[in-house]
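As they're listed, the protein sequences go chains Y and U.
According to my numbering, the first sequence is numbered sequentially starting from 1.
According to my numbering, the second sequence is numbered sequentially starting from 508.
FYI, nobody ran anything at the bench for these hints, they're computed from the structure.
Certain hints may be false.
[Unchecked claim] Each computed DSS-like pair below joins lysine-lysine, with the alpha-carbon atoms no more than 25 Å apart:
| hint | chain 1 | residue 1 | chain 2 | residue 2 |
| --- | --- | --- | --- | --- |
| 1 | U | K823 | Y | K384 |
| 2 | U | K816 | U | K902 |
| 3 | U | K977 | U | K929 |
| 4 | U | K518 | Y | K187 |
| 5 | Y | K328 | U | K1111 |
| 6 | Y | K485 | U | K1036 |
| 7 | Y | K187 | U | K1105 |
| 8 | U | K671 | Y | K69 |
| 9 | U | K1038 | U | K1072 |
| 10 | U | K1095 | U | K1036 |
| 11 | Y | K273 | U | K1150 |
| 12 | U | K856 | U | K816 |
| 13 | U | K1038 | U | K1095 |
[Stated by the list, open to error] Derived coverage of chain U by chain Y (criterion: at least 3 residues anywhere in the stretch with Cβ under 8 Å from a Cβ of chain Y; other residues may be distant):
| hint | segment |
| --- | --- |
| 14 | 738 to 749 |
| 15 | 782 to 796 |
| 16 | 859 to 871 |
| 17 | 895 to 902 |
| 18 | 914 to 921 |
| 19 | 943 to 955 |
| 20 | 1135 to 1146 |
Beta carbons are placed, not taken as given, at the ideal position from N, Cα and C, and that holds for glycine.
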Amino acid sequence: MSEARAIKIAITAMGGQGGGVLSSWIVKLGERAGYITQSTSVPGVAQRTGATVYYVELFPKAAAEKAGKQPVLALMPAAGDVDIVIAAEFMEAGRALLREFVSERTTLIASSHRDYAIAEKISLGDGRRETERLREIAKDTAGRFIEADMAAAATGAGAVISAVLFGALAGSGALPISREVFEETIKAGGRAVDANLRGFASGFDIASAAPKSERKTTTQSAGEQAAPTVQPLLDRMRAEIPVEAHDITREGLKRCVDFQDIQYGHEYLDALKDIVALDKAHGAGKSFQLTKLAAKHLALWMAYDDVVRVADLKTRASRFARFREDAKAEDGQIITVSEYMHPRVEEVCDLLPPSLARSILNGKNRRKWLSALLGEGKRVPTTKLRGFLLLSGVASLRFLRRGSYRFTLEKERAVQWMQLIKQYAPHDCDFACEIAALQRLIKGYGDTHARGIENYSRIVARLEEVSRQPNPAQTLAALRDAALKDESGAALDAMLSSLSPTLQAAE
Amino acid sequence: MAERSFAKEVKDLCIGEGETFYGEGILAVTKALLQSGVSYVGGYQGAPISHLMDVLSDAQEILADLSVHFEASASEASAAAMLAASVNYPLRGAVTWKSTVGTNVASDALSQLASSGVMGGALVIVGEDYGEGSSIMQERSHAFAMKSQMWLLDPRPNLPSIVKFVETGFQLSEASNTPVMLELRIRACHVYGTFEAKDNIAPQFTIADAMENPTRDYGRIVLPPSNFVHEVEKIENRWPAAINFIKEHRLNEYLGGHRGDVGIIVQGGLYNTLIRALELLGLSDVFGETDIPIYCLNVTYPLIDDEVKGFCLDKKAVLVIEEGQPDYLEQAINAILRNGDIQTKVIGKSVFPRAGEYTADVMRGGVRKFLKAHDANRVKRAPEEAPALPAATMKEVAETVPQRPAGFCTGCPERPVFSAMKQVQEDVGDYHVSCDIGCHLFSILPPFDIGNTTMGYGLGWAGASAFNAKAGQRTVSIMGDGGFWHNGLTSGVGNAVFNNNDNVLVIVDNGYSAATGGQDILSSRASNKTKNTNNPIAKAVRGMGVTWLRQVHTYNIAEMKRVLKDALTAKEKGPKVIIAEGECMLNKERREKPIRNKAIADGKRVVRPRFGVDPDTCTGDHACIRISGCPSLTLRDNPDPLKDDPVAWVNNDCVGCSVCGENAHSAVLCPSFYRADLIYNPSWLDKMMAAMRGAIIGAMQRAADKRRARHSFGTQP
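Chain U extracted, bound-state conformation:
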C-alpha cells in the first residue's frame, strides 16, 4: 500500500467526453494514456512520477476492464525492455520513471528499442527531477534522446497541452517508427489544473491478441546485418517521417507577436515562466498577449530546420531559453543558421546562468539583459525592480534562517541503525561507509554525518567493492530493500560473494520502497491483491551464497551495536550481511492508527506508548539529539531559572518508537528519558492496580511534599 491512496482519483480516470478532469499533471497523463488506447503501462516509481504508478496501481480494476496491462516493473531497465512489445505488434505502450537516474538505468534497453524501431506507439514519460527540491545529479535527459535518436517532447505545462502531447506522442511514434520521450518537469507533474476529458478507448489490438498471434521479423533484431540497416533507417526514413509529422501537425507553436527584429525560442516546459517574466517586465498580459515573437518548442528533439530558419530570417537576434547544460539547443540552432548562411545572432547562455533552474527571477533577468542589448526600446518601460530588502538586512535574515535538510521522519526505523553505527564508531574507530539511494541516505546529513559516496540505486555495496584488500578496518555498505531488489542482489551481494569480499553490508529492510512513496516490493510483509509479496530478503541473500547473515530488529539498538561490532571484528572471512528490519513508520501509522482509534472507540483495552524527557534532570547538552535527530525530539526553554541552555523535549508527534530511550541506555546518556504508557479502556485489573498504587504512592508523595513544605521559600509576590 502506497503512502497516498488514490481511491478517489481512480474514479476520475473513468470520466468521459463532456466532463472536466480536475487534478495534478501526472494524473492527467494517466487519463491521457487511457484516452489513447494504450495496451500496457509499466515503470518504476520515484519523484515526480510516483503518483502515476500509484494511481495505476490503485486502478487495476478499471485497467482490466479496458484490457490494459499494468506492471510495477522491477527497475527502469525492466520497464524500458517492456516496450519491446511494441516492436512487432501494433500495441501502444507507455513507461515512466524519474529522470535522469531512471533513464540511465533504462538506457541499454532504450538503445536497443530505438535501434529496432517500433510498430506500435512507444512513449517514455520521464519526470525530470531538476532544480529546486531535486535529490539527484543535475543532468539533462536531452542527451539520451539525441544519442539513441528518440524524439523528445517538452510540452507547455498546462493540463490540456500535456494531455494533447501524450496523445500526439503515440501518433508521432507510430508515424516515424521511433520511441518518443515526453519530458515533464517536477512542477508540471504536480501542477493542479483542469482539462476537458474524452472517453477512454480500449486497445483494438490487445496483449492477448499478440500472444495468441505471434509474428517475428528478423529485420527488427539488433544483430548484424540489421543493426547497420537500423542506423541508415533512422536517418533516411524515421527522421524525415518525424519532421513531416511535426510540421504537419504544428507541434511547435508560434506565439506572441510579429513585430520587431528580435524573437524568443523557448522550450515548451518553460513557456509559462517566460510569460510571467514578460508580464513582470510589462511586455505581456496575463493571457500571454505580447508583441515579441515567440517560437515555442514543444518538440525539442529533433529541431525542424525550416521552422528555425523561417523564424530567425527577419530577426537581428534571437534569445534561446534552454534550461540546464550543455546548451544542446543553442548549439544546434547556431549550426542550422550558419549552415543556412543566416546571420541572426543567437543569444542564450550568455545572458542566463549556465547552470541551475530557470526560476521566474532568473528568467526576468535573462530576458531583460537580452532586450537591453538588442531591443533597448522595449525595456525602457520596465524599471529595474528594487530588492525587497536592503542587502544588509537580507544578510541578517540569511544568517538567522536555518537550513532544513531532509531527515528521517518521526519514528523512522532507519534512525536507530545510524544511531548504532555512530556509537559503534566510537568503539572500533571510523570506517568507510558506502551509501545507497533511499531514505537511509539522510544518514549523510546532521546529526549522523555518516557516509562517503553514493553511486546509484542498489549500488551501495558495489560502491565499496574496491575496498577488498587486507586491512585493519572493514568497510560498511548500506542498501535499502528497494535498492536491493532493484539490482543490489546481483550488483552488490552476488558481486561480493563472487569476489570473496570480506566487508559488511547493512540492508535496511523497512518493507517498502519508502523514499518513493511507500510502494510494495517483493519482500513487503503486507499482502497485495495483485502482486506477489512476502519473499524474504534473507532467503535471497542466502541463495546467493552468503553464510554470515544476521537479522536484527532496528529498534533494538544494543543488539544492533553488538551485531555491527561482530561483523566488523569477526575473524571469519567472507561477505557479512546484516538485515536491519523495522517497518516504515509512515506506513505503519497509516495502517494502525485507524485500527487503534476504532479499538479505543469500541471500548477495547489499548495501550499507547510515548516518550518524554524530565526537564529537571535534563542536562541541556542535547547528546540525545545528536544521535537521533528525531523531529519530535526537540527543545524548549529550561524551566530552571539557574540554567541557560534549553532542555530536550518530546513533542506530541511522538509515536512511541522507543529510539530515544534505547539510545539513552546504550550510549549511557542521562536518566531523563521515560516511557509513558497511556491505557485506554482499562480492565478491572488495571483499575484495581492503579487504585492501589495510587493510594500508596500518593500517600508517600503527600508526606514528602509536607516535609518539603517545611522548608518552603513560598512564592514571590
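So here's chain Y without its partners, still in its complex pose:
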C-alpha cells in the first residue's frame, strides 16, 4: 500500500464571507504547484448568512504518476484528519473545534474578529458569547494556532478577507508552496488584483511574524488638566470617596455636569456620601463594590435620556466627526445626515411643569390634540441649518429640566432606589450591590423605557421575598437576567412565580 496522502484543508466561514473565493484560490494554487486538487462545498441555504464549510484536498501529481493511479479524494473532512483549518471568523474556529477538525496535526488559522450571530444580537442586554476560553482551547488543541483580526487587516488593505486569509496560509508555511506561486494565483484571477495582493501581504506578515511576545502597551499622554470650575467637585471626590471608586465616580460626575450643571455634580456626590459610609461599615474587604455600582448607576438615574440630551448629543462637533468616520467618508467629502426621530406626547411632557404634564398625559383630548400636532416620525436634517438650529434650540432647553415633570419623577425613583440600597446594605451588602445593579434594566426611550421601568418595579415589589431566599444576591441577579431574556417578560414571570413556594415555606 502506498504511504502517500492528501493535504486536507477545511475553511469554516459564514455564507457571503467569500469562502468560495478562498477555496477556489487554493484549488488554483494547488494546480499551479503540481497537485491534483479537489474541492467541495455545500452552498444551499447556508449561502444566506449561515455557517458553512469548504473543503479542499491536494494530492501531489508526482505521487499519482509514480503509482500510475488516480487518488480517491474525499468530499468531506473527517474528525482528526484535517491538516489546515482556516476560520474566517472566531466562532467559526469554535465550530471547527466542535466538529473535531482541529487536532494536534492541524494548523489553525483564525480571524479573531466577531460577527455576532442573531442569538447574540437579539438579547435585551449583553448576549455576546465569551471568547477567551475558546481561545485557550484552540491554543491547546491545535498544533499551531495563528490568530489575528483578519477583517481589520482586510479593511486596512481595502481587500476582501479571503485575500488576507490566503496570505496567512502562505505565511504560515503549512503548505510547501512558495509565496510567489500564491501571488501568481491572485494575479491570474484578474479581479481586484492590487487590492488583493495588499491584503495577501498583510495576511502573510501576520502569519510569518514570530508569535507576538508582549501585548502592545498603549501610549499614555500626559493628561489634560481639569477646568478650574470642576476642581471643587474633584476635590470633594478625593476627600469623600475611596480611591478604588474614583475612576467610576469621575465618569459619573462628568456625566452629571455634562447633563445639567456643576450644582448637579454636587448633588450627585451628596447622594453617594451615605453609600460610602455603609460600604465602609458592611462591604467586603476593601473592594468598595457597592460604592462603585452606586456611583455608576446613580449617574444613569440622574442623567436620564430625554429630548434635550438627545438633541445636545446629536449636534456636537465630536458626533459630526464620528458619523463621518462610521460612514467611511473620504477626507473633505460632503456628507449630509438626517435623524430618524419620533417625539411623542410623553417626550414633550417630560419638559413641562409636573401639573401641566399630568393634566395632558391624563386628559384624553389634550393628549390627542398634542399627539396630532406632533404627527408621525420625522426626519431631521441635522447637517442642514434648519435641522441643526431646531436641534440646537431643543438642546438649549436644559434650563427647563429642574422644574420639569420628568426630573421630579426620576428624582423620586432614584431616591427610592437609594433607600432600598441603604435598607439592605447593613444586612447583606452583596444583595445591596445587586439592588444597585438593578438599574441596568432601565434604559432608552418610549416602550423600551416603559418596559424597563415595569420590570424593575415588579422585581422591587418582591424585594422583601427575594431577600429571604437562600441566596438573595444570586436570586436577584438571576431575576435581572430573566428580565433581559425576552420582551414579553415570560422568563421574568416564570422566575417570579417560582419564588413563592420558598416564601410560604419560610412563613
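Fit chain U to the supplied structure of chain Y, relying on the hints for placement.
Just chain U, lined up with the frame of chain Y:
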C-alpha cells in the same frame, strides 16, 4: 440575470477531444450532455443543480449552434412532461431539478413517461439535497425509481465517472426504452475536479426534424388497453434489456481485493467516503488499494441478482452501505440471497445510524463495527481514534459556539415585510401564518419567528385553505414570486377565489427566483434576450378574479403595516392579496454597483446612502435588531464607561436600504438611527451649500465646545 454569471464557464463547454475540463461536477454534467448529442434540455432551478440551469442559460448561443433546445421550465412538472418528446422520436433529452421536492412535483409526468416508455434516451438528473446544508425534508429519490420503474444511477463522485454515466445513461435508456434517473449528491454537484473532454456532438435527429415529420403510435399512450400492455412490457421486455445492458457494460464495479470472507456493497456515490474511512482505519491506501472486496453499485436500481449472488456466495457477511431510509437495498439484497438460498449475513443499518448523512466519521464507525463483529483480525491494527477534545471541554465549546441559522441578506427587501408583520401582530393580535418555500421562509427563524407550516413551493395559500370559516381573526399566507408562477397562481389564488376565501395572501415580489440563485421569472423587471419577462403578477391575480388587491413597496414599512392591518380588518369579504414589491438586493447591487463605481470614476455626481447608529443615544436594548436581523446591523462595545450592554452598530456592509430607520420610526424605537448621504463629485451647489452650512454650524459647535470646555474634567493621566 442569475446570481452567478457563467460567461467564463460557457467557453469551457466548447472544448473538444484532447483538452482537459476543469470545473465543478454539475458543469461536467452539462458538458457531458453536449458530448452525448442531446437534443433538448429543461429543468427547474434549485440547489444543488441551479448551476446546470444557469450555465445553460448563459450558453444559449452554443446550444443554438448545436441545435439543442434549452427550456427554463415553469416547474419540475413542466420539465418532466418535456421528456414526452423522446417517446415518439429518437431524440435524446435531459431534465434536471432538486430532489426529492422536484421529483414530487414531477412525478405525475414521470409516471406517464415511464409507462409509455421512450425511444430516444431520456435522462432525469436529480440533485439530491440530503444531509448537511439541506433545506428540505429528508427523503430518498430511490422510491420514485422503484415505483415507476425508472433506472437509478448513483455513480462514483469523481468527474470522469459522472461524465461517463451521463453518456451511458442515454444508452441504457435507449437499450431498455426506459427513462433513467442520475442521482448526484450535493457535494458531488459542487465537487471541483477535471476530466478529459470529448467533442460535442450535434444531434443527428433534431427537434425541427421531429416537428416536420410527426409520427404517432397509439401503443405509447397511457390509456386502456395500452396501459396494461405497458405494465407487462416493463417486466418482460424493458427490465431484462436493462439487466443485460448493465451486465454487459459492467456498470457496477468490483473494486478492492479478493481476500477474506467479508465484503462491502456500497452505493457508488458513497465510494470515496468509504475509501477514506478505510484509509483512516489503515485498511486502504489513498488510491483505494484495499484487501477488502467491494461491490460498487453505480446502478442502484435495478439490482443485478446474479452479480449480488456471485459477490456474496463465498462470504460469511457483507456490509451494505446505503444512505437514508427506508433501507431498500438491504431489503432487496436480503431477498435476493434468501430466495437464492445463500446464507451470507447482510449487515447494514444495524451498524449504521438509520437516518442521516453518512459522513466520513459515521462511515468509519460503521465499517469498524462491522469488521469487529465479522472480521476482527483486520481491525486489530486500527486503534480507536481518541476524541480531539475531552468531553467536558467539548461541552464548553458546544455551549459557546452559537448557531448560525440562515437569514435575510443585508438590504433584503423581504425583511421589512416581516418587520411589518411582527409589528402589526402587536396591534391586532397573533394570527396564523402559512409559509411557502423561498428566501421568505427565513421569517420562521429568529428574530421574526413568524410562520406555522410550509407545504411546498407555491403552496403557501393552499396550506391555509382549511382556515376558511367565520372567525374573529384572519390568516395570512405568504408566497414568493417564484412559487406564485410555479403553481401558486392556480393552487393558491385560483383556489381561494373559487372557494370564496376570506383571508390574506402576501406575495413577496422581488423580481427573481431569488432563493435558487436569482434566475429570471415571468414577472422579472429585467429584460432577457431569450425569455419573455415583465408580465406583472398583479395582472395575473386580477385575471384570476381577485378584487381586493394592494401593491406596496416593501421598504415603506408604515404603509406595509397600514395595508396589512386593512386586509386583516376589512369588512369586505373575499380573498385579499397584497403584493409586496422590492427587488432582490443581491441582484440589484450586482447590477448597480459597477454602474455606480463607473459613474463615480467618470466624475458624475453620485449620492450613496448608508445608515448609522449613534452610540451615545443607543439604549443597548437591541429592539431594532429584534425586528430586523440585518447582518450589517450588529453590536459593538458600549463606549460609555457607565453602561454595560453593547450598543447597536451598522457595519460597512450597509447598502442603505433604510429598513432600520423606517423600523425606528414605525415602532417608535429610539432616536439613534441616522441616514448619511455620501456625495461623490459634488456639484457647485453642493459645495456652496456645504461651505455655508459648515461655516455656521462649525461656528456654533465651536462655541458649544468652548462652553463645555469650561467644565472639562480633562483627560486622566
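Hints, one by one, checked against the model:
no.: 1; hint: U:K823 to Y:K384; in the structure: 87 Å, violated
no.: 2; hint: U:K816 to U:K902; in the structure: 47 Å, violated
no.: 3; hint: U:K977 to U:K929; in the structure: 24 Å, holds
no.: 4; hint: U:K518 to Y:K187; in the structure: 21 Å, holds
no.: 5; hint: Y:K328 to U:K1111; in the structure: 20 Å, holds
no.: 6; hint: Y:K485 to U:K1036; in the structure: 53 Å, violated
no.: 7; hint: Y:K187 to U:K1105; in the structure: 22 Å, holds
no.: 8; hint: U:K671 to Y:K69; in the structure: 18 Å, holds
no.: 9; hint: U:K1038 to U:K1072; in the structure: 37 Å, violated
no.: 10; hint: U:K1095 to U:K1036; in the structure: 18 Å, holds
no.: 11; hint: Y:K273 to U:K1150; in the structure: 22 Å, holds
no.: 12; hint: U:K856 to U:K816; in the structure: 20 Å, holds
no.: 13; hint: U:K1038 to U:K1095; in the structure: 19 Å, holds
no.: 14; hint: 738 to 749; in the structure: violated (count 0)
no.: 15; hint: 782 to 796; in the structure: holds (count 11)
no.: 16; hint: 859 to 871; in the structure: holds (count 4)
no.: 17; hint: 895 to 902; in the structure: holds (count 4)
no.: 18; hint: 914 to 921; in the structure: holds (count 3)
no.: 19; hint: 943 to 955; in the structure: holds (count 5)
no.: 20; hint: 1135 to 1146; in the structure: holds (count 5)
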